[in-house]
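I would like the entire structure built from these sequences, with the hints used as guidance.
Chains as they are written, first to last, in this note's numbering: chain V, 0 to 516; chain G, 18 to 178.
If you're looking for bench data, these hints aren't it; they were derived computationally from the structure.
Backbone N, C-alpha and C fix where the C-beta goes; we use that ideal spot for every residue, glycine too.
Nothing false has been slipped in among the hints.
Computed footprint of chain G on chain V; a stretch qualifies when at least three of its residues, placed anywhere within it, have a C-beta under 8 Å from a C-beta of chain G: (1) 11-22; (2) 182-193; (3) 249-263; (4) 277-290; (5) 335-342; (6) 412-423.
Here are a few chain V residues that sit away from chain G, every Cβ distance over 10 Å (derived from the structure): (7) Ser1; (8) Ala33; (9) Phe35; (10) Leu85; (11) Pro135; (12) Ala153; (13) Gly154; (14) Pro156; (15) Gln167; (16) Gln238; (17) Asp321; (18) Glu359; (19) Ala400; (20) Val477; (21) Gly485.
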Amino acid sequence: MSAWIPGDSGACSVGADDVARAIAAEAEARGLPADFHRNGSRGLYWLEPMVEVDTAGGRVAYGPVTPADVPGLFDAAFLEGGAHPLRLGLVADIPEFARQDRVTFRRSGLIEPLSIDQYRAEGGFAGLEAALAMTPAAIIEAVTASGLRGRGGAGFPAGLKWQTVLDQPAGPKYIVCNADEGDSGTFADRMLMEGDPFSILEGMTIAGLATGAAEGYLYIRSEYPAAALAMADAIQLLQDAGYLGRSVMGSGRAFDVQVRIGAGAYICGEETALLESLEGKKGVIRPRPPLPAVQGLFGRPTVVNNTLTLATVPAILAGGADAYAAHGVGRSRGTSVMQLAGNVKRPGLFEVPFGVTLDELVNGCGGGTASGRPLRAVQVGGPLGAYFPASMLDTPIDYEAVSERGGMLGHGGVVVFDDTVDMARQARFAMEFCAIESCGKCTPCRIGSTRGVEVIDRIIANEERTMNFALLDDLLEVMRDGSLCGLGGLTPLPVSSALRHFPEDFARTARHEGVTP
Amino acid sequence: MDKATVGFAPWDAAAAATMIAEMQDLPGACLPILHRLQGEFGYIHDEAVPLIAGALALSLAEVVGVIEFYSDFRRTPPAVHQVQVCLAESCQAVGSAALAERLTEVLGTEIGGRSADGRFDLRPVYCLGNCACSPALMIDGLLYGRVTPDRAPQLLAEVWP
Chain V
0 MSAWIPGDSG ACSVGADDVA RAIAAEAEAR GLPADFHRNG SRGLYWLEPM VEVDTAGGRV
60 AYGPVTPADV PGLFDAAFLE GGAHPLRLGL VADIPEFARQ DRVTFRRSGL IEPLSIDQYR
120 AEGGFAGLEA ALAMTPAAII EAVTASGLRG RGGAGFPAGL KWQTVLDQPA GPKYIVCNAD
180 EGDSGTFADR MLMEGDPFSI LEGMTIAGLA TGAAEGYLYI RSEYPAAALA MADAIQLLQD
240 AGYLGRSVMG SGRAFDVQVR IGAGAYICGE ETALLESLEG KKGVIRPRPP LPAVQGLFGR
300 PTVVNNTLTL ATVPAILAGG ADAYAAHGVG RSRGTSVMQL AGNVKRPGLF EVPFGVTLDE
360 LVNGCGGGTA SGRPLRAVQV GGPLGAYFPA SMLDTPIDYE AVSERGGMLG HGGVVVFDDT
420 VDMARQARFA MEFCAIESCG KCTPCRIGST RGVEVIDRII ANEERTMNFA LLDDLLEVMR
480 DGSLCGLGGL TPLPVSSALR HFPEDFARTA RHEGVTP
Chain G
18 MDKATVGFAP WDAAAAATMI AEMQDLPGAC LPILHRLQGE FGYIHDEAVP LIAGALALSL
78 AEVVGVIEFY SDFRRTPPAV HQVQVCLAES CQAVGSAALA ERLTEVLGTE IGGRSADGRF
138 DLRPVYCLGN CACSPALMID GLLYGRVTPD RAPQLLAEVW P
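And the structure:
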């Protein structure tokens, strides 16, 4: 008999550790022999803490479990899958799980994150083994053919970036994994680092083999202490087992990884600011060109990829580029790791093929608002993403479709708001956030964000509305076109979408005088 | 994850110099050194600045610039407990404003300030990656989810010695 209780920090934030202790104590008191494992999370957070047990038919889940439920679960013989009000049935049959297409997250919640044996048994290192038998050009060809694009937000084709690094003259090159997951509403990188850390390291190693890089850096934000511990342990285990180091799996080819921790600066999620930070400097962005692929870390050719991008690579090499590209639509191939949060009944992580609509995600998987009030807005793509009204939930989740509707998919976060939201306040917050997090390098972002807060405040206070709307319009254009990076350049998105779709919230006592955002 | 242990060593320039010497050859050593010193002493003492600058061949201004740029680094001793309340969008959508207000009442300080009894620093944070369990709070490195305003005083009481 064995039970699985998530050790994921999100699950623990709602009591998974307490449940694990209660289960162990109860089993001991009853003299029941059982194995207890700490797995990652499946991402079905409304069911956390979700306890799973092995049965002949597969994993059966119970949740959300509190310590007080534990004696009753033992009375119901839950370790053998017994009937209980909290019994959810087979994990594979939970509707919100069954409708997913898990590639990047196939092992998260399934295995103990730091078990090399379990990782191997579930297909781990098959991609690396395949890559070791391929030329760099063939690896890159497979990644390109899969259609994999950067999951951090920019959506740049991963194969093309790798090719650029491969094409640079020999010498030190670097693989940098961007795990500075600062976008509010997103938590996929954290879940994967805690739930399946080897997949990230395997992906980084394959990137190293493909581009001729022997060193990798994993940059993790300081707000993720549990993820940083998991990754440090994972690196040590792979070094000890010969998967990382001077001779990767006995191939004679070197690759190793070190963890670096951020220090509370959102801008370091931007790749050039991240490189500055890795070099020990202020996280101030660099103008491009030169691209990091040509002159990146310490002035050397560098692949900077998001955690999810790198962690998806092993599955592509193991299962074939065609199998991955078979998911998805148009130029958005494969699966999209969507993270649903905010005022939603069933928040969590849902890995779905590109092309699924926002409605299927928010209402189908998410079950609508948690408050039961009407849904008013969803913010797609983090703090720099657009606010969409309920009428636009028919938008398909794919890079181009979201962009055509005036938004951006970003890192896949979707935050739901009910009808109590004040969109003028949300627009003001977008400017305020930009002012707090601006690195200060360029004027449109550094000064524009502060002026933006002031102008929106004046609009809310009904001061000289016509003039201030025109001023805001102008300011948004300057920030969008004149900023050096996405922080200043995209902050206009949430602001202008709020103005466009929710003008009534800016009206207050005076009548809205019309603005063309 | 066990509760983070709280408590720092008093400033010790010789110990700091040893730590810096151990780490100064790391590529891009400045942030790792600052993390180590802050982890040991709770903050970056002014006397650490010339030690770091000397070891890394940086100017004093460059080192101070790095310390000041990152919101995590402190130049004065912290309170015993660090409370970080998430004020980003997902938590906003489910009432983080009410949670933040309750915390300011209980601790007797504004967001960004120190509690009246000097034991708690109340800091804003823009996303803890626990958005599916919003509203979220971090106390001394330990994450809490679905934190209603009424539950906040109880959580603080748990860490109150």
